[in-house]
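Please put together the full structure from these sequences, using the hints given.
Each protein sequence line maps, in turn, to chains A, B, C and D. The C-terminal position of the first sequence is numbered 394 in UniProt numbering, with every residue numbered one higher than the one before it. The C-terminal position of the second sequence is numbered 394 in UniProt numbering, with every residue numbered one higher than the one before it. The C-terminal position of the third sequence is numbered 162 in UniProt numbering, with every residue numbered one higher than the one before it. The C-terminal position of the fourth sequence is numbered 162 in UniProt numbering, with every residue numbered one higher than the one before it.
Calculated from the structure, these hints are not laboratory results. Please note: incorrect hints may appear among the correct ones.
Not everything, but these chain C residues come out facing chain A in the computed CB check (under 8 Å) [claimed, not checked]:
#1 F10
#2 V16
#3 P31
#4 G34
#5 I47
#6 T55
#7 F56
#8 C58
#9 G59
#10 I62
#11 A91
#12 G94
#13 P96
All C-beta atoms in this analysis are idealised placements derived from N, C-alpha and C, irrespective of residue type, glycine included.
Chain by chain, the residues run as shown.
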Amino acid sequence: MRIINMDHVAASPLLPQVVDAMMPFLTEKFGNPSSMHSLGEEVTETLDEARGKVAALINAKDHEIVFTSGGTESNNWALKGICQASRSRGNHLITSSVEHFSIMHAIKALEKQGVEVTRLPVDKYGIVDPDDVKRAITPRTVLVSVMHANNEIGSIQPIAEIGRIARELSIPFHTDAVATAGVIPVDVEALNADLLSLSANAFYGPLGSGALYVRKGVKIAPLLDGGIQEGGLRAGTENVLGIVGMSKAAEIAAVEMESRIAHLIPLRDRLIKEIPAAIEEVELVGHPTQRLPGNVSVVVRYVEGESMLLFLDMEGIKIASGSACISRSLKVSHVMLAMGIDAGTAQGSLLFTLGKDNADQDVDEVVRILPPVVQKLRDMSPLYKKTSKFKTIT
Amino acid sequence: MRIINMDHVAASPLLPQVVDAMMPFLTEKFGNPSSMHSLGEEVTETLDEARGKVAALINAKDHEIVFTSGGTESNNWALKGICQASRSRGNHLITSSVEHFSIMHAIKALEKQGVEVTRLPVDKYGIVDPDDVKRAITPRTVLVSVMHANNEIGSIQPIAEIGRIARELSIPFHTDAVATAGVIPVDVEALNADLLSLSANAFYGPLGSGALYVRKGVKIAPLLDGGIQEGGLRAGTENVLGIVGMSKAAEIAAVEMESRIAHLIPLRDRLIKEIPAAIEEVELVGHPTQRLPGNVSVVVRYVEGESMLLFLDMEGIKIASGSACISRSLKVSHVMLAMGIDAGTAQGSLLFTLGKDNADQDVDEVVRILPPVVQKLRDMSPLYKKTSKFKTIT
Amino acid sequence: MYSDIVMEHFKNPRNVGEIPDADGVGEVGNPACGDIMAFYIKVNGNILEDVKFKTFGCGAAIAVSSMVSEMAIGKTLEEAMQITNNSVIEALNGLPKKKHHCSNLGADALHRAIEDFRSKQQGRQMEKPVDGPEVCSCPVCDVNDPEEAPYCNTACGHSSPK
Amino acid sequence: MYSDIVMEHFKNPRNVGEIPDADGVGEVGNPACGDIMAFYIKVNGNILEDVKFKTFGCGAAIAVSSMVSEMAIGKTLEEAMQITNNSVIEALNGLPKKKHHCSNLGADALHRAIEDFRSKQQGRQMEKPVDGPEVCSCPVCDVNDPEEAPYCNTACGHSSPK
Ligand SMILES: Cc1ncc(COP(=O)(O)O)c(C=O)c1O
Ligand SMILES: Cc1ncc(COP(=O)(O)O)c(C=O)c1O
Numbered sequence: 001m002r003i004i005n006m007d008h009v010a011a012s013p014l015l016p017q018v019v020d021a022m023m024p025f026l027t028e029k030f031g032n033p034s035s036m037h038s039l040g041e042e043v044t045e046t047l048d049e050a051r052g053k054v055a056a057l058i059n060a061k062d063h064e065i066v067f068t069s070g071g072t073e074s075n076n077w078a079l080k081g082i083c084q085a086s087r088s089r090g091n092h093l094i095t096s097s098v099e100h101f102s103i104m105h106a107i108k109a110l111e112k113q114g115v116e117v118t119r120l121p122v123d124k125y126g127i128v129d130p131d132d133v134k135r136a137i138t139p140r141t142v143l144v145s146v147m148h149a150n151n152e153i154g155s156i157q158p159i160a161e162i163g164r165i166a167r168e169l170s171i172p173f174h175t176d177a178v179a180t181a182g183v184i185p186v187d188v189e190a191l192n193a194d195l196l197s198l199s200a201n202a203f204y205g206p207l208g209s210g211a212l213y214v215r216k217g218v219k220i221a222p223l224l225d226g227g228i229q230e231g232g233l234r235a236g237t238e239n240v241l242g243i244v245g246m247s248k249a250a251e252i253a254a255v256e257m258e259s260r261i262a263h264l265i266p267l268r269d270r271l272i273k274e275i276p277a278a279i280e281e282v283e284l285v286g287h288p289t290q291r292l293p294g295n296v297s298v299v300v301r302y303v304e305g306e307s308m309l310l311f312l313d314m315e316g317i318k319i320a321s322g323s324a325c326i327s328r329s330l331k332v333s334h335v336m337l338a339m340g341i342d343a344g345t346a347q348g349s350l351l352f353t354l355g356k357d358n359a360d361q362d363v364d365e366v367v368r369i370l371p372p373v374v375q376k377l378r379d380m381s382p383l384y385k386k387t388s389k390f391k392t393i394t
Numbered sequence: 001m002r003i004i005n006m007d008h009v010a011a012s013p014l015l016p017q018v019v020d021a022m023m024p025f026l027t028e029k030f031g032n033p034s035s036m037h038s039l040g041e042e043v044t045e046t047l048d049e050a051r052g053k054v055a056a057l058i059n060a061k062d063h064e065i066v067f068t069s070g071g072t073e074s075n076n077w078a079l080k081g082i083c084q085a086s087r088s089r090g091n092h093l094i095t096s097s098v099e100h101f102s103i104m105h106a107i108k109a110l111e112k113q114g115v116e117v118t119r120l121p122v123d124k125y126g127i128v129d130p131d132d133v134k135r136a137i138t139p140r141t142v143l144v145s146v147m148h149a150n151n152e153i154g155s156i157q158p159i160a161e162i163g164r165i166a167r168e169l170s171i172p173f174h175t176d177a178v179a180t181a182g183v184i185p186v187d188v189e190a191l192n193a194d195l196l197s198l199s200a201n202a203f204y205g206p207l208g209s210g211a212l213y214v215r216k217g218v219k220i221a222p223l224l225d226g227g228i229q230e231g232g233l234r235a236g237t238e239n240v241l242g243i244v245g246m247s248k249a250a251e252i253a254a255v256e257m258e259s260r261i262a263h264l265i266p267l268r269d270r271l272i273k274e275i276p277a278a279i280e281e282v283e284l285v286g287h288p289t290q291r292l293p294g295n296v297s298v299v300v301r302y303v304e305g306e307s308m309l310l311f312l313d314m315e316g317i318k319i320a321s322g323s324a325c326i327s328r329s330l331k332v333s334h335v336m337l338a339m340g341i342d343a344g345t346a347q348g349s350l351l352f353t354l355g356k357d358n359a360d361q362d363v364d365e366v367v368r369i370l371p372p373v374v375q376k377l378r379d380m381s382p383l384y385k386k387t388s389k390f391k392t393i394t
Numbered sequence: 001m002y003s004d005i006v007m008e009h010f011k012n013p014r015n016v017g018e019i020p021d022a023d024g025v026g027e028v029g030n031p032a033c034g035d036i037m038a039f040y041i042k043v044n045g046n047i048l049e050d051v052k053f054k055t056f057g058c059g060a061a062i063a064v065s066s067m068v069s070e071m072a073i074g075k076t077l078e079e080a081m082q083i084t085n086n087s088v089i090e091a092l093n094g095l096p097k098k099k100h101h102c103s104n105l106g107a108d109a110l111h112r113a114i115e116d117f118r119s120k121q122q123g124r125q126m127e128k129p130v131d132g133p134e135v136c137s138c139p140v141c142d143v144n145d146p147e148e149a150p151y152c153n154t155a156c157g158h159s160s161p162k
Numbered sequence: 001m002y003s004d005i006v007m008e009h010f011k012n013p014r015n016v017g018e019i020p021d022a023d024g025v026g027e028v029g030n031p032a033c034g035d036i037m038a039f040y041i042k043v044n045g046n047i048l049e050d051v052k053f054k055t056f057g058c059g060a061a062i063a064v065s066s067m068v069s070e071m072a073i074g075k076t077l078e079e080a081m082q083i084t085n086n087s088v089i090e091a092l093n094g095l096p097k098k099k100h101h102c103s104n105l106g107a108d109a110l111h112r113a114i115e116d117f118r119s120k121q122q123g124r125q126m127e128k129p130v131d132g133p134e135v136c137s138c139p140v141c142d143v144n145d146p147e148e149a150p151y152c153n154t155a156c157g158h159s160s161p162k
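Okay, here's the thing in structure tokens:
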């Protein structure tokens, strides 16, 4: 059976060039960049180059890139590190109500320590109004953190505008760009970002590798204290393998980005059009055009996401869902709730995240396989009114 | 030129079996363990197995192992997470004066937030007196953290005894076992440890991968908040590659540990005997027998470590030093200072950390090459009194 | 994740449907938690002559419903009341821990249908059942998690303090 | 890490030694920071006829000492006083940033030896020089770090607050 991976948000395969770049660091280049001797030095040089490649991807300067263990660490560090460093200035954070768990729960942890939080609402497309940011700012505000694009619903936020508002009032601005960096153009200057989180797997780099961009001059406390790796900002022996892989992936993403986007958008738009045409009572979640090039998020009424996902999995189609059963938290996506979608409807969430290797025939397959799966499950659903009251399907 | 790596504390090459185990996760097994579908599931199974292997290495239960980005994260998390979770119980920490930077500076960060700290002295071998631990405990003590063995001087602490004292008073006990786990027997039951940090490279696993053992029932706040990876204790997409490598390395370490130790101790003891025999005014640092099997730490008077290291590097011998010039902090090792070694003498630090591939002929080479290097540098040193006052060496 | 038996029941659920003139009906769950199960029973004497269900929920919920229906058919009411979460899980050759709460719903819905039948027999209107679990289960240690945390705060071995 | 010129001077340092009847002696540094340099000069008229040094320190410290001695020999005292940290670093084809503080010591020690010579000429005893840098430099941004932090707390782009 051909595997159709449309769950790139969860994991994308490494590019072959990335694997090739990593290979020497599995064998002969095993040094620790902290070592003074030649074994360490060759690795130090590699890390310097890696930093440059990741910096180039987002138009940053080399020394503004700090390697981390992924988007979650970057997000936790940005929030906790800025709050810690800003205690004398204030204790108020502004964020949105559709952030990733790694922002949402880091902020909850800060709230327990007395930090005050404004969570901005979103419109029905999941998008923040920059004017709300302006209104929320107080003299005690130490950070604005709004994600660049939402991984679950695909909507892209007006980050440049939000960043401009924060910059005018000299408030540091962080954006979680895990869903966008390496995927669509991300430029820390254009976005007015002071801190920006990214994660390697979004652009076909290894899982568990990421970076935080920290604009020169921004005061941030370390999350990991210890040795003087990463300019004293992030201690710990570096995950050299991950960094090498991420940087190679970043280098390639910069080159291929335009053609990847041009490839993805027509596939995305076919699914957005053809799924609701084939199945009644299916709705698109998120903004129709202001969205990630590979993101198709829909809700299918009267059925629950995991059951659809399992049938699709058996047919070789790999996707995700924001339903409660699938979430390890057993709660329906807070993102959809924030957009005004009710919890019952949100259970029918299906999330297709396309990648560079998806093709038109993959879309054909989804459009062929999904409708009978949905029908079978609707026939079993006590919520589905249209089914003949006494019909059984066994 | 044959490379003689005696800097295993900085980096050890991956075992070939570890590389083999990692390979599939560079290519076809790219899934995210959080995914519901088959791509994720095969990886989830791998992580479960990996947890079991790491647990077995230290006699823990599977669910007590939490994967981290290395020893530094494990140490930071143990300290900050316990303090955070224990606010209502107290705010006093007990530690030693010879801990790794990742403990020392995490504690300094906590001190700035009002945590009170007792730093226990050490004897001339760098060893803590368990009675001092007992005396330091107050009703407000929330954690005792003393390392298992010191990476720089090799001395092994009386951890089981310190753990017993803490256990009797129901105070959580953490030990930084980065230098010992996978190297010598580490058993969380025998050591009475409630939390234990380990790092994969100590036993020929990848850099930037580690774990924290958290005994069932111990209350700890997350350092990385977010998704429900690692049972909700450590959010973030897992570094699957690193975890797979670490677990394979752990599995092999458990099997080979005894023979590795039997191989290392005679090499270590030859260096400990033959270096001072070949060079006058060289002293062993740390305990002569209560020490890591591969650790040889000496101070060479009147010369500075980096200059010796560079000459050895040119001859293919890779070692480390605790001298200020080598430390990225430009400060001499706090460990040696705590042992009562003066700063000037400590500059002459040389640290040989042997690995399983070192052989007798490597020891021969060191004993052959080191003495003329030292003599050349002593002849250049304004501190070396014995040289003829007017002799030049050019 | 799921055992072969679970997958078999999920793929080919037995006894799906409604019974138009059911002697008892039981419904539990709510869409917010992701599962709703409705059980319909036909009683002959003291015997469950027919059992049907409709389920909105995850794979486990569907398999559990199917298994409960199979286990119940032909049993006496007393025997059917003995069907427990654990016996269902056992019959399914196990369920992932985080899915255990789904199996509770299956037995509950059946029991409610039987109670509904008994109430009707006694000429009483069964009191409107409280809606299923108001709080969803902890995925980590399988206790109810009353709070907004993404993981269990209370009963797991490692617990994360508030 | 080091340039070829640095390595060359480190491996084969020029002018190592002491001058028994030196006209001026300058010593800077302290062992706690890892570097001590002692310079000995022989002055003929206004010219540095001979310069020798002894150095305890890292590779950069030795190379800097050697380079300073070479640059100084044959120069007038005034010219030698113009030798700066930067000119030494330049002559060495650069030094790693974290080693910049070593190069300061080389020029300083030479200048002290010259001052010692001048003081003696004027029949004064040179005031005992203060011992080298009491605080060691920040490896990250190369400013003095007065505190115990392992990295620079003040002037780097990213700074970590107290
Ligand atoms: C928007 C967003 N932020 C943060 C993260 C967390 O990144 P990581 O899984 O690398 O920790 C993710 C992961 O999917 C994400 O989609
Ligand atoms: C005793 C000790 N603890 C902690 C660490 C930090 O571990 P890592 O480098 O994996 O962050 C080290 C590293 O060498 C160590 O030797």
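Results of checking the hints against the structure:
no.	hint	result
1	F10	7 Å, holds
2	V16	5 Å, holds
3	P31	3 Å, holds
4	G34	4 Å, holds
5	I47	21 Å, violated
6	T55	6 Å, holds
7	F56	5 Å, holds
8	C58	4 Å, holds
9	G59	5 Å, holds
10	I62	6 Å, holds
11	A91	18 Å, violated
12	G94	17 Å, violated
13	P96	11 Å, violated
Of the numbered hints stated above, those contradicted by the structure are hints 5, 11, 12, 13, listed in ascending order.
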